[in-house]
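The listed protein sequences derive, respectively, from chains B and D.
Every position in the first sequence, counted from 1, becomes a number in the numbering used here once 12 is added.
Every position in the second sequence, counted from 1, becomes a number in the numbering used here once 5 is added.
Hints listed in this document are in silico derivations from the structure and should not be mistaken for laboratory results.
Small disclaimer: the values here were computed from a predicted structure and weren't measured.
Please note: incorrect hints may appear among the correct ones.
Facing chain D, from chain B, some residues (calculated, C-beta under 8 Å) [stated by the list, open to error]:
hint, residue
1, K23
2, A34
3, A38
4, P114
5, E116
6, D194
7, T199
8, L201
9, Y205
10, T224
11, R226
In silico EDC-like cross-links for lysine to aspartate or glutamate, where the CA-CA straight-line distance does not exceed 20 Å [as the list claims (entries may be wrong)]:
hint, chain 1, residue 1, chain 2, residue 2
12, B, K83, B, E47
13, B, K189, D, D245
14, D, K262, D, D216
15, B, K30, D, D163
Think of the CB as a built atom: it goes at the ideal place given N, C-alpha and C, for glycine as much as any other residue.
Chain by chain, the residues:
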Amino acid sequence: MRILVVEDERKTASFVRKALQAEGFATDVCHNGDEALAAASVTPFDAIVLDIMLPGRDGLSVLKLLRARKKMTPVLLLSARGEVNERVEGLNAGADDYLPKPFELSELVARVRALTRRGSENKSTVLSVADLTLDTVTHQAGRGGKKIDLTAREYRLLEFLMRSAGRLCGRMMILEKVWDYDFDPGTNLVDVYVRRLREKIDADFEAKLLHTVRGSGYVLKEQT
Amino acid sequence: MTIRARLTFWYAGILIASLLVMGVGTYREIHEQMMRHANHSTIERALGETGEMIFQAGLPAVVLGLLGGWWLTRRSLLPVSKLTDAIKKIHEHNLREPLPRANNGDELDQLAKVFNEMLARLDDSFNRIREFTLHASHELKTPLTVLCGEIETALRDDSLSPVERGRLADRLEELRRLARIVDGLTLLARADAGQIQLQFEDVRLDEIVRDDFADLQILAEPHGIKAELGSCEAITIRGDQHRLRQLLLNLADNAVKYNHPRGGVKMSLVRNNGFAEIKIANNSDGIPADKLPRVFDRFFRGDTAHGNTIDGCGLGLSIAQWIVKAHQGTIRIESEPGKLTTVTVHLPLNGETGERA
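Isolated chain D (complex conformation) (with noise of 0.2 Å):
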């Protein structure tokens, strides 16, 4: 039940039983100046009379409380519907726009106030921890560059043993995959504090998928796992064409690293109610349905029996996802266990016009 119901309830409750025991003490009133006066007949229908007007005059004065309380309620409670409305927008990126204040420093005024004061804090905490992503990521660049200098200057050794050396390379491939997560992290780390712009300009979304597919083709070849390009409408959208490349590169790579050996991969672009669509389908494991909402989210591996396997940094996904949103589109994933798991991109058409293949 609502304030609003309630006091409007409470509020009924206690006019109706004031009025009660003004009707109540006035008819007792009369009733005793009368005794006095007059004979018993004449009373008898006074009385009467009284109380029926009484009743008369009291049911309007009820329904005109009734509703001149349900009013004030209202009224009063109309900041608090406001300010809920404006709480319901917050969110991680907007918390620098401070709700909405009467200025007249009521009670509703002073909540108000009060958070956004604390929307304030939250903002400062939210900033203080994309900071520290940032500054760790460039901070841990510096000793990467040492350390694989300093062991590819050893591996330039020529009296180095097979044995050394082989453990030397070892070791430099794990900084470089180090290294890749901290790119990787820089990115996502800058794409958060908006320090990263995108070159919007036409690009024909078409040629990126067919490139995609020739290196789909190659990368899948040595799995023995079957590439098959579906339908590829050309289609011309306004994007950034590096950050899209890298996209569907980054989702043909994920197609193969999760495939079954001699497994297949589909690829295909459409348009589909103002979007283009792109959706790129492959024979896997499968994903839990439960870990399916997650397998966007930084350094999340849903198959964890797999996880130490496969090669990979753990956020492209994450990558992915960010470069679909910075288009304005969606990206969302499906997944039929043992059978196809499939990622479905959906980037408005923007202003092209609606001709249908």
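Bound conformation, chain B alone (with noise of 0.2 Å):
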């Protein structure tokens, strides 16, 4: 897997090559628009983290020439303007995520990875980690043979960690994906709901799935 980052600020651009490096990605940097619209068009990235503030050409104008030019590798916008008309703008204009600074490292990561594995999704209907299964149209979910109940907000919230299980979820993915907002509530909503699905799937078991990496947002994974 090869990324794109394209970010003026050197120190930021560093410390999201040196992340991405960490997962495994391989990990290319440009600093300013033209030089991204070239190493674009000439090396098929999997993914590309774009900046919209860059000097020269900007992010969004980078990104309406590579969709011109038929180029759809999945595109990361990123912005210190974080204002929703700005999202609707990016998204528009054919990026697939949009994340505002600051945003957190792991946040960051997490997205890369879902748009890199984005069409490899798991198109099943019943979904499963480990004992813990969920049935998609159904809404029903279920850990070694026994039922759980769930609202309705709360099997959003199991969907989406099963889909990426064994990924991390930062707190902004799940608030956005879970509740659709896109601004930072400043609540602890997302922990407090993650405390009680941890009650209904893990609490009756002795291996639980369902992990907080401090800091950084949630995982559900068998653990190894």
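Put the two chains together into one complex; each comes in its own frame, and the hints tell you how they fit.
As structure tokens, this is what we get:
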């Protein structure tokens, strides 16, 4: 997997690259729009992390040009403005995801991973992690043959966590996918919901599946 | 006393005094002339008649003069009252609109001109403050991104001791709080500069309230706080879905944060006089009456004793107020110390027909 990071702020570019490399991505860095356009036209990247504010050609125009040239590489936009309108503008221009600054590194890595997995998503109607199952048609969850009743919101949370099984899910990402919030409400809503969900799926079982990664988010996986 | 009344009084005084001088002068002159030419008895009568004549002609002249004076002061001061009305309408957001001018170069026109120049300077300063806040919050985001990123990178190091890890994680938490404050400031600064376009559409307010109530229950549960939903009428308004959700979550969060342990929160949505009325009432220590008007101010904390223990960015109610105003609504907060604090939001039903429940 090869990722292009386009970010003019060198320190940011450097830790983003480090984090992506640590996750096993080969990572190239460009510091301005024209360089990025040239690089993306030659090298087939698996995903591009693109800052909007760049010297010279800005991120949105790079994105539009790429899409006009039929380059469909998944793009994650970064922006210091973090405004709903800008997000809509970005997604309309062909971006696949959008992250306002200051972002959480784990959030960024999780999103890049989600982008590169796009298309290879699990299409089956019954999701499972270890002995936990979730039927996406009947919305019925079960573990070890025992039925688990979920509220609508808990269902959406569990479905999201199970579709991203094994991957870290950041708080903002969960708020966005499960609540449709694209602002940080500054509450501990996610943590409280995860705690409730954990009581339902983990409390009665020896092997815990829903894990907290301190300061980063949550991951649903079988402990090895 | 208004300038007009004062001027009219002075004018009347002068008028009467001058008429008096004129009358007395004329009377004396006639007296002298007559003494030279005629006998005594006819003089007496003629003088009496002359006095009467002067009085009869003088009185209407005084009345006319007074009326004329009143009209004159009114006419000359009319531009001043117009100016007063125009100045009354000036507030922070319409400094750009200049006062109307007669353009005839008289004293009042000069005053309006100088005033307009002052407004332009004020507008300039206001804009500079707004721009400063906007730039400051943008500029803060880059170093914040770098700091958060570097600490997160450091946290990935497996060789860290638990103590070091805890210390770094605490620092990260504080940085994120700072990031939320900067986010809130950016939002408000952009709203002040008129840079935020709300996406208006038909939204089911009752669905948003129900959704928010579900979140409220979850937030309240760990504190043993009982959440209750009163009437929730089906209401559709023109609004920005995301902003309205942000507003309600904000209020729900406050209702839990500033509550008593094992307290209660009650939410309701009803139609009231052409408005959708959302009420959120919660038990709390209350806000002293003298601090109530200031709770919507940025970074204002009503209860300084709790200021440090309650985690918040201090901008929540300012943001809530902005969202409500952007929907042409009103928000107010009432508090009975030691008992209940109630936030009431009115959002216009615009266009919805007056079916009442």
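### Index of numbered hints that the structure contradicts, given in increasing order
Violated: hints 3, 10.
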